[in-house]
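Asks: Sequence:
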Amino acid sequence: MTASIQVLHVDDEPEFAELAADFLRRADDRFDVVTETSAEAGMEVLDRRDIDCIVSDHDMPGMNGIEFLEAIREENPDLPFILFTGKGSEAVASKAVSAGVTDYLQKETGTDHYTLLANRIENAVERYRSERAVERQKRRLETLVSNLPGIVYRCSNDPEWPMEDVEGECEQLTGYSAAAIEAGDIVWGTDVVHEDDQAKVWNEVQHAIDQNEPFECTYRITTADGETKWIWERGRGVEATNGEVEAIEGFITDITESKRRERRFEAIFNNTYQFTGLIDPDGRIVEVNEAALSFAGIDRDEAVGTPLWEGAWFESNERASETVREAVETARRGELFREEFTIQGEDEVAVVDFSIRPITDEDGDVTMLVPEGRNVTELKERERTLQRNENRFEAIFNDPNLLVGLLDTDGTVRDVNDTSLEYLDADRDDVLGRPFWDTPWWTDDQRDDVRAWVDAAADGKYVEYDATHSTDDGAPITVEGNFRPVTGADGEVTRIVVSATDVTERKRRERELKRRNERFDEFASFVSHDLQSPVSAVKGRLELALDTGDLDHVEKAVDAIDRVDELRADLVNTLRTGEIVSATEQVGVEPAMHAVWSAIDPPNAASFRVPTECTVEADPDAFQRMLENLVGNSIEHGGDAVDIRVGPRDEGFYYEDDGPGIDPEHRTRVFTPGYSTKEGEEGIGMGMASIRQIVLAHGWEISIEDAQRLDGVRFELRTDS
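The sequence shown begins at 1 in the UniProt record's numbering and counts up one residue at a time.
Source of the hints: derived by calculation from the structure; they are not laboratory data. One should not assume that every hint holds.
Unchecked claim - Distance condition first, Cα-Cα at most 20 Å in a straight line; then the derived SDA-like pairs of lysine to any residue:
hint, residue 1, residue 2
1, K461, A489
2, K200, N157
3, K200, T256
4, K259, N212
5, K107, D12
6, K107, V97
7, K259, E195
8, K507, K461
9, K200, A178
10, K514, T256
11, K229, V152
12, K507, E480
13, K539, E518
14, K229, W202
15, K259, R220
16, K107, E90
17, K229, T253
Produce the complete structure using the sequences and hints provided.
Replies: This is the structure in structure tokens:
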């Protein structure tokens, strides 16, 4: 014992008290002695100081030694109290013992009794302190046991584990009272330990005892109400004097909730596609989940204990390995690290969203690191695809040649491009938020169609359409467009993109081309018809030449062939230029009629008259073809002696003959291709249609009237219309 000993010495003789204090200090330098001359003063010292032992005289004024002892025992039953008196008697000694005195010693002459007093004080204080330490330990143990979440036990080393002593929360844990288990009414080894775990528990405990080591085991118990709980037990064998284990002592606690958390952790840790694990602050792998192992194609034993940056995932990517090393350093400082990079798997390379998160204790010290890697390869590809689509959409949306809008599936306009607004001279506020069919692009008779197109696109259908819009100045434009459904990752339509192209000019060109092709078709028919006259002339003249031997007929046949060649050249030019009428000039009608007369070789009795001053602005070749058809028509209907008159009139010229004329009821139809006024020849007349084509190609107008100078028909041509 090395601690100082605080002694209170009370004696009504101050000189004796100080003398005794000096002897005690010389006997043992650990003694710290305080002297007082009355019990009342001694009580005051106890209120101020911690005292290890009281030495008191008996005969003192006021409160004597026995009364002082009794007062002390009321407050402190165990504090050492030695009655050190000069007047000893059995009566005093008896009262002192009854009052709880620690020791009784009489004063004697000499110094030996001071040495004896010092020994008695030392022994009493040592015993007092030991008892107090035991009491404190007992109280702590009782407090510990009463507050432990489980039980402390002692049992025999037997497969049934008969319990000798059970302390703690026995009933809360098992549903059985400690008394029932201690009495053997409930047998721990068979009634409490789960039947599937009984052999396991026995084997694990016996193995630890054989190794002379404490044991730990986890197993299931069945409670009084049939509930299964998980418990953790730690204990050791207690040996008898012969070295045999005579008992088991240990502690049992409920870990059912911990097991549930463990299973949840296991489910989260291993039943996920995310790579995760645990590493110590130095970066060595402590645990790794199945997803990460499977990706790398390695076993757990190959990974655990290895620095993370040396793992199989980073072998082929030196940059990634170095990044992971830096990540560990960052995380061990208590900071979260996160970055994307590629890692190597057994069969593939993946882009991962990698992070390391520090785990700290209650003092804020990093105790563990949690690395995680989320495979974002497909996500990155989808992002790239989305970005490409967005770029394409942006390019389409901003194409100045397209009208583009973005709609909700219910047809609400979310955005339109500038080109669309320019056609209306409108602002976005005029159209955004409105149903597409109610926007100014559409007329009332178009709205139902537009609504149907939107509904079809919302159902996932690709819809093509063509329509006519009106610009802000009322000019019509023709568009061709489509409604394209845009789907999300789940395949559901989320938006509709409507786009259209202004095809007004193209449609105009198509119509013009169609009209031109139709004119070409007509022109080919007309040229074929127009060739009949000179070809007939050639045939007739050659037959006459053969019959008569007159070479004049051959010359006229050659002239007719020249006319055929002119018509051929005219046809080639028309097909090349696309124009039925080429360059115009002032053409004399009289020489043109002579050329016609020569080309078609009319009967000798036929005649015509044209004032020499009669001229017209026309394509000479086309004008001659027109006259050939007019003359041919006159001869065909008026006979061999037909008489023809051509002359000027206001805004143009006229052509009339003395033939049978044309009934008013036929005059509106004679210019139709294939129409003929001859009975039984419906559908072969082309000459009048050819005349009308040439007239229209010049931009003229033609009408049929009764002849004014002769008795037949009169054609009036207005060239200045």
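Asks: Is K229 close enough to T253, meaning Cα to Cα at most 20 Å?
Replies: holds (10 Å)
Asks: What's the verdict on K200 and T256, does the C-alpha distance respect the 20 Å limit or exceed it?
Replies: holds (18 Å)
Asks: Check whether the Cα positions of K461 and A489 lie no farther apart than 20 Å.
Replies: holds (17 Å)
Asks: Given the hinted pair K200 and N157, is their alpha-carbon gap at most 20 Å?
Replies: The given pair, whose Cα atoms are some 15 Å apart, holds under the 20 Å limit.
Asks: Are the Cα atoms of K507 and E480 separated by 20 Å or less?
Replies: This hinted pair holds, its Cα atoms lying about 10 Å apart.
Asks: Check the hint pairing K229 with W202 against an upper bound of 20 Å on the C-alpha distance.
Replies: This hinted pair holds, its Cα atoms lying about 18 Å apart.
Asks: Mind checking the alpha carbons of K107 and V97 for me, to see if they're no more than 20 Å apart?
Replies: holds (18 Å)
Asks: Hinted pair, alpha-carbon criterion (20 Å max): K259, E195. Please report holds or violated.
Replies: Between K259 and E195 the Cα gap is close to 19 Å, so the pair holds against 20 Å.
Asks: Assess, step by step, whether the Cα of K229 is no farther than 20 Å from the Cα of V152, and give holds or violated.
Replies: holds (17 Å)
Asks: Against the 20 Å threshold, does the CA-CA distance of K514 and T256 hold or violate the hint?
Replies: Judged against 20 Å, a Cα distance of about 89 Å means the pair is violated.
Asks: Does K259 pair with N212 here, judged by a C-alpha cut-off of 20 Å?
Replies: violated (29 Å)
Asks: CA of K200 to CA of A178, is that 20 Å or under?
Replies: Judged against 20 Å, a Cα distance of about 24 Å means the pair is violated.
In the structure shown, a violation is registered for the earlier hints numbered 4, 8, 9, 10 and 13, in ascending order.
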